[in-house]
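Please build the complete structure, drawing on both the sequences and the hints.
Chains as they are written, first to last, in this note's numbering: chain A, 1 to 434; chain B, 1 to 434.
Worth flagging that the hints you see were computed from the coordinates, not collected in a lab. One or more hints might be untrue.
Given that identical chains are not distinguished, each listed pair holds provided it fits within a single copy or across any two copies.
Claimed, not checked - List time: in silico PhoX-like cross-link candidates among lysine-lysine, alpha-carbon distance up to 25 Å:
| id | residue 1 | residue 2 |
| --- | --- | --- |
| 1 | Lys185 | Lys332 |
| 2 | Lys98 | Lys347 |
| 3 | Lys175 | Lys185 |
| 4 | Lys175 | Lys158 |
| 5 | Lys158 | Lys184 |
| 6 | Lys59 | Lys332 |
| 7 | Lys259 | Lys416 |
| 8 | Lys213 | Lys158 |
| 9 | Lys175 | Lys347 |
| 10 | Lys416 | Lys184 |
| 11 | Lys44 | Lys260 |
| 12 | Lys59 | Lys389 |
| 13 | Lys83 | Lys57 |
| 14 | Lys431 | Lys259 |
| 15 | Lys260 | Lys323 |
| 16 | Lys184 | Lys355 |
The primary structure of each chain is shown beneath.
There are 2 protein chains.
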Amino acid sequence: MPTTDIARRVYDHTWKLDPIVRSLLDTDFYKLLMLQMIWGMYPKVDATFSLINRTRKAKLAKEIDELELREQLDHARTVRITKKEMIWLAGNTFYGRKQIFEPEFLSWLEDFQLPEYRLERVGDQYELEFPGPWMHTSMWEIPALAIINELRSRSAMKQFGPFELDVLYARAKAKMWEKTERLKKLPGIKISDFGTRRRHSFLWQRWCVEALKEGIGEAFTGTSNVLLAMDNDLEALGTNAHELPMVFAALTDSDEDLKKSPYRVLQDWQRYYGGNLLIVLPDAFGTDAFLRDAPDWVADWTGFRPDSAPPIEGGERIIRWWKERGVDPKNKLLIFSDGLDVDTIIKTYEHFEGKVRMGFGWGTNLTNDFEDCAPRPTNQLDAISLVCKVTEANGRPVVKLSDNPEKATGDPEEIKRYIRLFGESGRVRQKVWV
Amino acid sequence: MPTTDIARRVYDHTWKLDPIVRSLLDTDFYKLLMLQMIWGMYPKVDATFSLINRTRKAKLAKEIDELELREQLDHARTVRITKKEMIWLAGNTFYGRKQIFEPEFLSWLEDFQLPEYRLERVGDQYELEFPGPWMHTSMWEIPALAIINELRSRSAMKQFGPFELDVLYARAKAKMWEKTERLKKLPGIKISDFGTRRRHSFLWQRWCVEALKEGIGEAFTGTSNVLLAMDNDLEALGTNAHELPMVFAALTDSDEDLKKSPYRVLQDWQRYYGGNLLIVLPDAFGTDAFLRDAPDWVADWTGFRPDSAPPIEGGERIIRWWKERGVDPKNKLLIFSDGLDVDTIIKTYEHFEGKVRMGFGWGTNLTNDFEDCAPRPTNQLDAISLVCKVTEANGRPVVKLSDNPEKATGDPEEIKRYIRLFGESGRVRQKVWV
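This is the structure in structure tokens:
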């Protein structure tokens, strides 16, 4: 019996491309939920998504070959939803609900193709933009980020021989397993994988998801990655993102409408989804402002996802708000998803245990933590703070304020206008690591 | 391109046996050196080797299936030296010397087959004996130990699924790599693999050898495993073992001859080997006794291998002895090989640095350290103190005293006689871990 499979070896060494994105479902579930609503209610809105590298010292254009990047982006544009994937989207139960996707939406999705991109090298960085109809461009966010992050780690790993790579992954696996061992000690904790966009690689994300499944069992509630959810019979998780309130705000014509827009988004959302999908993302223009002006019915929603405030302060602020409205937080849900690591998860869990229902959407630190794993020092394996944000809607500038001014995006003049309207209460500058 | 190679899968799942010993060179190099001398000078001596499990709490007959053990032992008996192996033994340079093996010895070895064994289950342990001509039975020591140790770890690992095994080896690799990182900080250190007999498995030993080669580079001087030395172009290392003085002693007819026998061994050895192969193993009947009665010419030998005294005390005693004989220890070599781990290696290295040349023969803790690696607790992966010692020579009882009474072997009455003759000076009881 030969130890080398010649056919495979030849196939392997003649690869033109090892594609990073092989399925349109290799994206976050909330993109599909939002997409259905955008397709249904805002099919004529244009929205440009743009790559923003907040870690300026990571010189992407030096780390990643432009040709390779184009090949990967081009390849992603050739990918279509497959028959099996369509059947699964139509037949699976999401958040306890059957047929969450309308047949007309699915039949539109059947022909979906990622739209064109605009890529330019500017100094040591790339300018990468996706202009076009919102219901097309929105779908680029996750694959674009996954492609750049994986190309970056592939480039970092070119310096290592097979043995060093073996040690690197052995260490990363050992490290990941220690994390599961710490987490499984917390009774009733709920953790899910939110790490698609920042992952080291697709295969590594898959390994991490398997590690959580094996390691923490029932405490692992699912993954935001639709493909991994399908392949591993896991729950596909996620609700909505900042792009909704951001685009809604940009499209308003008066200050008054702008101030109301964060609540209009929720009303639209409610027309499509219910139950555990009624999760408020309050920080697009500052959580304090959002809570201050929120109509009472917002307190009827299932929960909140504080995404840029420090988790304990952010959670406590929302709990106070529920109590002021006579709502018992014990029946409510907080989803934490901002820059979590095991220490933050444990601290947050211990703080809120018994006070509120909780879920943890674990991202970068789950799927891209290679600190101290390389057999020779490199900082090219450190995760970076890379996002792909909507920057323009129907030709108008789009703004995000966030609870953390470091995470604000948009035109500086427009940011000033938003701050004048929403106020700065509760916004605290914190270092953004990932 | 299919991801499953059907032919290989079918081949794999129809294995009757996954052999542990696939080559007669999968043994310690010193066995071949000793064998040539035994073959040349003592071809008529009979010597029985017997398995001794010093870790009684490890119930080998419960951990290892008798049928599987017989299959592995029987398979080892079918193995012959291959043509390539013969050519390598004849053509390679060992310890800087060409043609270390005589053509007549090699042509005898060409037909060598491991002799029959006697296996019986007694309670929860196995009695395993190899009776017959010394020049046959001596070759069983290493494969017998390797087979039992690997069957034991295979049995321990049956409880784990593929994911758990992945984590187990990832952790073991990460752990091994930490060791290389600590060791490579010591300038000029010389470390070799002596871990064949106690290895977790053949494949794991091979990985550890590769790790040392990659991890500590020049500081890795070679391996005692002849097969691994050949396959990886490493130096094959090792000199001689206790079986020589033990059998020589057993064959003497008077107390006087018995007391002289440890030096007669060295004289015989010198007829065959020189240079760095002139390493004294002084502790068969106690190092103090050996040094006390040693003729002056013993101080001309290249070095000593203190194998059962604590390394610092044992080394210092020999250095004192060299100095008493007007020999500068800086030109002499100490080989440490007893129960080494990274801490002992570093402590010993730091103690003797600049005082004497040193080498470390790293065994069990190199090739069988899975402490805290299993994803679920098990003590079946802990290495045990298993040896295969010569117990009878030409029908006479064979004794080892050692510097550590815990490592003494032989008939209690006979041990008493040896103690009366050699004395007990310097013998200190220490826990034997491995």
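Since the copies are identical, ignore which copy is meant and state whether Lys175 and Lys185 lie within 25 Å (CA to CA) inside a copy, between copies, both or neither.
-> Both: 16 Å inside a chain and 24 Å across chains, each within 25 Å.
Which holds for Lys83 with Lys57 at a C-alpha limit of 25 Å: within a copy, between copies, both or neither?
-> neither (43 Å within a copy, 59 Å between copies)
Please work out whether the CA atoms of Lys44 and Lys260 approach to 25 Å or closer within one copy, between two copies, in both situations, or in neither?
-> within (22 Å within a copy, 102 Å between copies)
When no copy is named, should Lys213 and Lys158 be tagged within, between, both, or neither for a Cα gap of at most 25 Å?
-> Classified as between; 21 Å across copies, 30 Å inside a copy.
Intra/inter-copy verdict for Lys259 and Lys416 if alpha-carbon distance must be at most 25 Å | So Lys259 and Lys416 pass the 25 Å test inside one copy only (14 Å; across, 97 Å).
Is it within, between, both or neither when you check Lys158 against Lys184 at 25 Å Cα-Cα?
-> between (35 Å within a copy, 24 Å between copies)
25 Å Cα threshold - placement of Lys323 relative to Lys260 = Within. Shortest intra-copy distance 23 Å satisfies the 25 Å Cα cut-off; inter-copy 93 Å does not.
Homomeric proximity label, Lys431 with Lys259: Cα distance no greater than 25 Å | neither (28 Å within a copy, 76 Å between copies)
Intra- versus inter-subunit Cα pairing at 25 Å for Lys175 with Lys347 | Within one copy only: 19 Å inside, 28 Å across.
First find the shortest C-alpha distance between Lys184 and Lys355 inside one copy, then the shortest across copies, and answer within, between, both or neither for a cut-off of 25 Å.
-> within (20 Å within a copy, 51 Å between copies)
At most 25 Å between C-alpha atoms: does Lys59 with Lys389 qualify within a copy, between copies, both, or neither?
-> Only inside one copy: Lys59 and Lys389 sit 19 Å apart there, 63 Å across copies, limit 25 Å.
At most 25 Å between C-alpha atoms: does Lys185 with Lys332 qualify within a copy, between copies, both, or neither?
-> within (23 Å within a copy, 55 Å between copies)
When each numbered hint is compared with the structure, violations occur for hints 2, 6, 10, 13 and 14.
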